[in-house]
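Q: Position chains B, C and D against the provided structure of chain A, taking the given hints into account.
There are 4 protein chains.
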Amino acid sequence: MTGLPRRINGFNEIKTRRPASRGAERWLGCPIKVLDHGFVYLVDYMGNDDSVVQAARVSYGEGTKKVSTNVGLIRYLRRHMHTTPFEMLEFKFHCKMPIFVARQWVRHRTANINEYSGRYSEMSDEFYLPDLSVIAKQSGGNRQGRDEELNPEQQARVRELLSADYTQSYAHYREFLDMNLARELARIGLSVANYTQWYWKIDLHNLMHFLALRLDEHAQWEIRQYAEAMARILKDAVPVCWKAFEDYQLNAIRFSGPEHKMLRDNRWPMSREDAYRMALTVLNQNQRETNEFLDKLYDLGFILSSTG
Amino acid sequence: MTGLPRRINGFNEIKTRRPASRGAERWLGCPIKVLDHGFVYLVDYMGNDDSVVQAARVSYGEGTKKVSTNVGLIRYLRRHMHTTPFEMLEFKFHCKMPIFVARQWVRHRTANINEYSGRYSEMSDEFYLPDLSVIAKQSGGNRQGRDEELNPEQQARVRELLSADYTQSYAHYREFLDMNLARELARIGLSVANYTQWYWKIDLHNLMHFLALRLDEHAQWEIRQYAEAMARILKDAVPVCWKAFEDYQLNAIRFSGPEHKMLRDNRWPMSREDAYRMALTVLNQNQRETNEFLDKLYDLGFILSSTG
Amino acid sequence: MTGLPRRINGFNEIKTRRPASRGAERWLGCPIKVLDHGFVYLVDYMGNDDSVVQAARVSYGEGTKKVSTNVGLIRYLRRHMHTTPFEMLEFKFHCKMPIFVARQWVRHRTANINEYSGRYSEMSDEFYLPDLSVIAKQSGGNRQGRDEELNPEQQARVRELLSADYTQSYAHYREFLDMNLARELARIGLSVANYTQWYWKIDLHNLMHFLALRLDEHAQWEIRQYAEAMARILKDAVPVCWKAFEDYQLNAIRFSGPEHKMLRDNRWPMSREDAYRMALTVLNQNQRETNEFLDKLYDLGFILSSTG
Amino acid sequence: MTGLPRRINGFNEIKTRRPASRGAERWLGCPIKVLDHGFVYLVDYMGNDDSVVQAARVSYGEGTKKVSTNVGLIRYLRRHMHTTPFEMLEFKFHCKMPIFVARQWVRHRTANINEYSGRYSEMSDEFYLPDLSVIAKQSGGNRQGRDEELNPEQQARVRELLSADYTQSYAHYREFLDMNLARELARIGLSVANYTQWYWKIDLHNLMHFLALRLDEHAQWEIRQYAEAMARILKDAVPVCWKAFEDYQLNAIRFSGPEHKMLRDNRWPMSREDAYRMALTVLNQNQRETNEFLDKLYDLGFILSSTG
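Protein chains in written order, with UniProt numbering: chain A, 1 to 308; chain B, 1 to 308; chain C, 1 to 308; chain D, 1 to 308.
These are computed hints drawn from the structure, not numbers from a lab. Predicted model only: the values in this text are computed from it and were never measured. In this text, a Cβ means the ideal position worked out from N, Cα and C, and glycines have one as well. Treat the hints with care, since some could be wrong.
Lysine-lysine pairs mimicking DSSO-like chemistry, simulated, CA-CA at most 30 Å apart [as the list claims (entries may be wrong)]:
hint, chain 1, residue 1, chain 2, residue 2
1, C, 235, B, 261
2, B, 261, C, 15
3, D, 137, D, 296
4, A, 296, D, 261
5, B, 243, A, 15
6, A, 296, D, 137
7, B, 235, B, 296
8, A, 33, A, 243
9, B, 137, B, 296
10, D, 15, C, 15
11, A, 296, D, 15
12, A, 296, A, 243
Chain D side only, calculated, beta carbon under 10 Å to chain A, not exhaustive [stated by the list, open to error]:
hint, residue
13, 81
14, 107
15, 111
16, 115
17, 246
18, 253
Extracted from the complex, chain A is given alone in its bound form:
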């Protein structure tokens, strides 16, 4: 937690009788830079690791006495997905991001949002121009993701064309505003790479659900950067909850009913060929599902390396 970003103004120390989190306090007003013009910083928060315990003890009353420690209780709750005590904490962020990222983000409906409005105010001239290193090919296997990089000439060409689009459409936008065209119409030629910003408030349980989805490798790389920024803050703000979240969700592995049955009915390890043949049968000849299963088995060392 050394080397936090510089704090912006307006976060002055005062007194309160509310529970606080030392880790969260340090992040208040310290923006983490994301992508070329974006950021995330913590604006306000409510609660700390103990707030989860406090809420759980109301529910379970004397029943929780057996769980000796706060850490043990938090981990127990998370392990069994008793999620309501995690709803008792709130985090409020100020975020700035390209519109196409905001469009993915807003699908999480359990949060509160106040977004910058292009009807009331002028849009900025900031657009997301991807780094060369992330300008990559369409993935074959994963219909929605990226694969290896394009060649350098292509990468440069992508940035050049996008820049041309941004420059031209923003010049037109300025011309529209000079004509006094209604702002709500003037902005419709601006691209989804244009930056917007919002205040975003969410409880800890729903934030963890958001992060489980948006830290995943299937999430678009750009929104993942925002998820990682918030994860960094959470890790300091609620270290015990975060560790439980990592152990029981982020790093958990799941086997379906049919997979479970095949695991149970056989001796491991087995050869790739046998595993493949058997899995294909168990999983109704579904090629994709079979490959996913074998990846899990291989990772566990349950597949014998196929030596000659």
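A: Chains B, C and D only, in chain A's frame:
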């Protein structure tokens, strides 16, 4: 704000960089007694009047500069039901109430709840026994409300019979626990007057919506006492938001389309007879709606007193 | 209900034991054209006017017998904002609209959405190009709206520049796809006028809330066209609910607490000067609020025309 | 699907252009008896297995063409918890259950509810009296559950005492109503075993989430009976979705990060002693978690039977 209840332990002063509300700070941990064994107190909160302004200014950007003051902006937002900035504040209460009150309360689905569990823990021997003064007759006009009081003998009889039920069922409950009957079954003979408790967390917009419904004279008297306790706290915690809520919601009056038309097409005041006849026509002979309309007109002084 | 649009394929008549609405049946699969490339059509629905009554009678049991008719009960429920029975109906639409419209729409969080994904699939070359008649100036009074039209040269110029943006950015998009750039990146230069589409499902209560906000003159003209298309369908699908919604919400008028007090404490009509002076005092010198109040009074005929 | 309960009146066959489910049609209006006086029946529904596919194809467009079949697509969506297409179906039930069951049920906040109101209407004299066979001891290991049965004398005693409570409190309730005591007060002496009823409407995704929690052995036995009734209906109504739900959720098995690591870093099977010692270390000496892990390993046959 003098004479607050004594604060319970665990609300010690520490430092924070978060925004605070002086009014809310004073209420932290100070239980307001409600009914015979219940209470409400503020456990935690996030934000103050300025948090509404801060969120609105993110949305409207430069567009809000014209509204000169924070008070003016908050009132403008509430007047036009731009409610999202009010979602940026949170309040967390510890509440203890009879189960039948909890059952009405929980219908507000936008809150977070951790309730005491009779499966994990023993239910207390506290039951709600109404004061003599609130033991009243079924209302005739209002299908769900109360009317004048029963006579004193009847009132005493009600308390006597309820007490008998409480005592007997709780004695049975104890006997069940002594047999080691599962707690989740042992409690099913206890009445809905038995007290439960919970942590309840909600944002300011949804809390105001809750209060608009539960401060209303159509709400059951018992839950209204809880609403009034929370209203007392809010009034201190967010005085500007509260005043706007009072002016634009609690004390607002509404006329339907047909009522509006009748108001517009006539000269006021008019006689009760004329108003009644006309309203009945405009409102499709609906007796109840006509009476409600006339009450509003009478209150406005738009009905001439029918002197002989 | 004559002259419905032609039904698309796949809506064949079969048998069911579910309640149906004749009005809704006629709209199934009949797209209403909106803007230049958009549409709205009804994909599926659950329930009809009677479903509201049925649900209310479960709640109120014998208590509802006094309300003699179904129409009377529905109107009573809507008048008193007993909204849960209206949640018992669902409507599912297929909608196609510009991204900037989708961004306003999605802020209604109580709906279910499946949107076309630019990560999985190619975006179409359709962009919203406003009709000359709606290309208008920024409104002065209303920070977010439009006012009178721009002059014809300016209007033509707006369409010309927008078209240039659309053409260029879409050509670049095609070039990106030809390079095999990941679709999720290729689309970021496309503007918020690009069309997207989704399935959108919502219950009747929340749909009415959506419409109350999006039929309002403060909503952006473009999203209002979608609201009006859905209103047309609802009017046929649940005629009794719709009429109650019109009478008690769309056409209702509201006076704040201070306005109510001024209405009550004076004799009407009065002169504009007197009304203005008094209102300004009652409303704490708030110019904007005073003007809004006077508009309501004037509309009611409560202000004397100021003849010499 | 033979031997369905008799259909109640009011579910007559008519024509519709909406998608239908043959399995769901058969269950419309056929009450499944639950507990001693309760029931569940399907009142209405929207959509079928194909509705999931239809919604997904809007999202993924051409991107879904690769998944050759509808069954394959539904299973793919469920496997990867792409849950929004499952929100596109709705089910509406009429349910009658003891108040203590309703109190657990209502914690699922994403459903729509219209409940019978004891303020408007008289409560019935029906109370839940458990069968002898389910009158069991408090579980030791599971703080919230039941264990082996009480002895027959105790079981009889439980029913006797509960009956006495029910009879007495209901007699008092009748006496209160005869006095014309307000219904909202008269009912407060009735126990949480008193039956209530409601209309309950929910989308398929949230219904599955409800069932995953309420079919679980940790759910109270009584609410599980309601979950099983609804599961029976769903299995017929959306057979493909149901099978995917069973395979990927109900019968899935999950290993935490630390468990995963221990699985990967060792050769299986191993002795109970070794597994226990190692797990205790990996799981930070948490006894309970270690036992849960060993249960999973034992079930998989990864623990050697400790023969002498």
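Q: All the hints need checking, so say for each whether the structure fits it.
A: Do the hints match the structure? See the list:
1. C:235 <-> B:261: 22 Å, holds
2. B:261 <-> C:15: Roughly 45 Å between the alpha carbons, so the hint for residue 261 (chain B) and residue 15 (chain C) is violated.
3. D:137 <-> D:296: 26 Å, holds
4. A:296 <-> D:261: Cα-Cα ~12 Å, so holds.
5. B:243 <-> A:15: 26 Å, holds
6. A:296 <-> D:137: 42 Å, violated
7. B:235 <-> B:296: 27 Å, holds
8. A:33 <-> A:243: 24 Å, holds
9. B:137 <-> B:296: Distance of about 26 Å is within 30 Å: holds.
10. D:15 <-> C:15: 5 Å, holds
11. A:296 <-> D:15: The hint is violated at about 50 Å.
12. A:296 <-> A:243: 23 Å, holds
13. 81: Residue 81 (chain D) check passes; min Cβ-Cβ to chain A is 9 Å, inside 10 Å.
14. 107: Status holds, d = 8 Å.
15. 111: Hint violated; residue 111 (chain D) Cβ to chain A Cβ min 15 Å, cut 10 Å.
16. 115: 21 Å, violated
17. 246: Given a least distance of 6 Å, the restraint on residue 246 (chain D) holds.
18. 253: Check passed: Cβ of residue 253 (chain D) comes within 5 Å of chain A, closer than 10 Å.
Hints 2, 6, 11, 15 and 16 from the list above are not met by this structure, while the remaining hints are.
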